[in-house]
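Enquirer: Chains as they are written, first to last, in numbering that gives the first Met the number 0: chain A, 0 to 568; chain B, 0 to 96.
Watch out, some of these pointers could steer you wrong.
Interface residues of chain B toward chain A, partial, derived using beta-carbon atoms under 10 Å [unchecked claim]:
#1 M0
#2 G20
#3 R44
#4 T45
#5 E72
#6 F76
Derived Cβ-Cβ restraints for the label pairs, each shown as a range [to be verified]:
#7 K556/A with A84/B: 29 to 37 Å
#8 D48/B with D201/A: 31 to 39 Å
#9 P535/A with L96/B: 41 to 49 Å
#10 R532/A with A32/B: 45 to 53 Å
#11 A88/B with E475/A: 41 to 49 Å
#12 R31/A with S24/B: 28 to 36 Å
Chain A is nowhere near these chain B residues, computed Cβ spacing over 12 Å in every case [claimed, not checked]:
#13 D6
#14 H52
#15 I53
#16 Q55
#17 A84
Derived from the structure by calculation, the hints contain no laboratory data.
We put the CB at the ideal spot given by N, CA and C, even for glycine.
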Amino acid sequence: MSAHVEFMARSSFIELGARERARALLDAGTFRELLGPFDKIESPWLPLQGIVCQADDGVVVAQGALDGAPAVVAAIESAFQGGSIGEVAGTKIAAALELALRDCERGRIVRPVLLFETGGVRLQEANLGLAVIAEIQAAIVALRRHVPVVGVIAGMVGCFGGMSLAAALCSQLIVTRQGRLGMNGPEVIEQEAGIAELDASDRRLVWSLIGGEQRVASGMADALVEDDAVQLRDAVVAAFARGVPATHRTEQIDTYLDRLAQVDPNTVTPVSMRAIFGGQPGADADMAGVEAVPATEASNAAPTTRGSTWFAALTGGACVQRPVAYADAPLGNTVARFVAVVPDPAQRFARAVDNVVGLEQGWRLARAVREAITADADAPVKRPIVAIVDVKSQAYGRREEMLGVHLACAAAVDAYAAARLAGHPVVALIVGPAMSGAFLAHGYQAHRIAALDAPGTMVHAMGKAAAARVTRRSVEALDELADRITPMSYSINAFAKLGLLDRLIEQIDADAPSAVQVDRVRGVLVSLVDDARRGPHDLSHRLQSDAARGTRAASIKVRDTMRAQWCDD
Amino acid sequence: MEQLTFDFPAMRAVAHRAHVGVVGSGDLEVLLAPNDAQTAHVVIRTSVDGYGHIWQHVLERFFTRYDGAARIEINDFGATPGVVALRLAEAVEASEL
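Bound conformation, chain A alone (with noise of 0.2 Å):
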């Protein structure tokens, strides 16, 4: 066949929107939607806003048959403010995952298909959108043990954000051409790290960092198709095929510091990456593996910040290795290990130094968790991990992008999920900022969250000066917002308001606690540890305070509604 008729042949998979999409993925006859437009569960935030809402709030679920197999496929419409995830959207997927999930446990096998098309957290309703991206994730990763979990990235918006994290943690990953992968938007990059970093106007070289063919050729995605709905269709069927990987992507710690440590910051090009990372991953299995590339050593001139305080607090002055410290220390009568991201001015990549998830971070964190889940393998009693969440934000960065930083977050939050799994108590103590996709990198996977109420910590979803921007909106005008839209406020009381916070620590001073604050601090977490233990090894505790059946009453609907439909038989 010449290449003109075939492509005449081809019927566009890009061009469908998303209630098509799912149709043409699902054998024919079977497409049964759940939650759609005529159940008018629309976003509670947009009309506070001005803003008007989709019937669906911009996510379709169907339930159907894949190549005869049950199958549940959720898809983003990217048509509808831009594919971003807001509380309703959001739990639509996380819902459909956790039924899957069920299912999957009672021994029907459901095969999950993630559509991602999405610009990642919907900034109108930043915090829940920022915790049901967190709850999406947790979803993946307990489902994954099941049954592959299978993402495609058709475009033409892509996959950005947080959701590029759950992205990265699918067992399998289906792009085109034309799908674009990636953490931080060009737009994002270009605007926080100047254009001199990325010129987000140049396609070409923007699909030469994050589009689809390089993706596959290094190996961050799994097959290339064409803009064809069956072409499409049968890959994800071939997917399936393939079976629950031995190892997923998020899980190769070892292979990718190694092949970070390969890789020289200044002169990396997209081609010369792919002789690197295009390559079959090494053996990973074994987590004890020797140090592939030694820790920054502790630096005098490195600044300290509230991180580094509290981590040398709860620790006992334990060594502060670089860009991730940790350690075990006592915490009540066991002992803990506690993490933190702090500033290392010796990194390698010069876009994160300071106490941002980059590349090492995002991979050494994961490090830093795993390691304890591999010691404690055969502990009848898992040691608790805190997380000491001072995270200013993602690093932003043209070859940050091109190397994967999306995917060293995403195994941050697969070991922090792994570890809550595997029956460790999880905490989240905020000191200072928790943002972004790097609060969903270190934090926002714990069982249990505190914070301490003091100025500087706060909880979001983008920096306020690039959310004015983003939204076409003043900073006064967002704060005004913020104010009467609880999921905008940057006020970490705002934040407990969502039911998201477990325990708000007053009357600490965050930047030179006192031996009795922080005495105060770790009896906190004490408690919080013993209610985890207790506890599901889920995130289902999210919902359950008075202030979530208030705030996220949503959430909690979505989540009720989708039950009542769903089908599991």
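Based on these hints, arrange chain B on the given structure of chain A.
Expert: Leaving out everything else, chain B in the frame of chain A:
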């Protein structure tokens, strides 16, 4: 955002509900469902304020040819009158399949 409502006389029952379109730039979604009363009831939420008279004209023209007793909900993100008319026709067609 502005909300508008309109009522038109209807002559016959509508058999099926239908959903078409998307709340994307220059587009809209239409949810058309059978109405218990023998009238057509239209509720519009639009991102563009101050165009009530245009909606009135577009709907008057549409209802010269459509007589179904339907509840029609429109979520509009700045669609032009031509796009609105096409989406309404598409919704009717889908409801009569």
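Enquirer: Does each hint fit the structure? Answer for all of them.
Expert: Do the hints match the structure? See the list:
At about 4 Å, the closest approach between the beta carbon of M0/B and any beta carbon in chain A falls short of 10 Å, and the interface hint on this residue holds. With its C-beta approaching chain A no nearer than about 9 Å, G20/B sits inside the 10 Å limit, and its interface hint holds. Because the closest C-beta pair between R44/B and chain A is about 5 Å apart, less than 10 Å, the hint holds. This hint holds: T45/B has a C-beta 7 Å from the nearest C-beta of chain A, less than the 10 Å allowed.
Below 10 Å, beta-carbon pairs count as interface contacts, and E72/B has one with chain A at about 7 Å; its hint therefore holds. Because the smallest distance between the Cβ of F76/B and any Cβ of chain A comes to about 6 Å, under 10 Å, the interface hint for this residue holds. Taken as a hint, the range 29 to 37 Å holds for the pair K556/A and A84/B, whose Cβ atoms sit roughly 35 Å apart. D48/B and D201/A have their C-beta atoms about 37 Å apart, which keeps the hinted 31 to 39 Å range intact.
Between P535/A and L96/B the beta carbons are some 46 Å apart, a value that agrees with the proposed interval 41 to 49 Å. A hinted range of 45 to 53 Å holds for the C-beta pair R532/A and A32/B, which are about 50 Å apart. Distance hint check for A88/B and E475/A: the Cβ-Cβ separation is about 44 Å, which falls inside the suggested range of 41 to 49 Å. Between R31/A and S24/B the CB atoms are about 30 Å apart, so this pair conforms to the stated range of 28 to 36 Å.
D6/B, annotated as away from the interface, keeps every beta carbon of chain A farther than 12 Å; the closest lies near 20 Å. Every C-beta of chain A lies more than 12 Å from that of H52/B, the closest at about 19 Å, which supports listing it as non-interface. Annotated as non-interface, I53/B keeps its C-beta farther than 12 Å from every C-beta of chain A; the closest such distance is 17 Å. A cut-off of 12 Å between C-beta atoms confirms that Q55/B is not in contact with chain A; the least separation is 19 Å.
For A84/B, the non-interface assignment is confirmed: its Cβ lies about 19 Å from the closest Cβ of chain A, beyond the 12 Å cut-off.
The structure meets every hint from the earlier list without exception.
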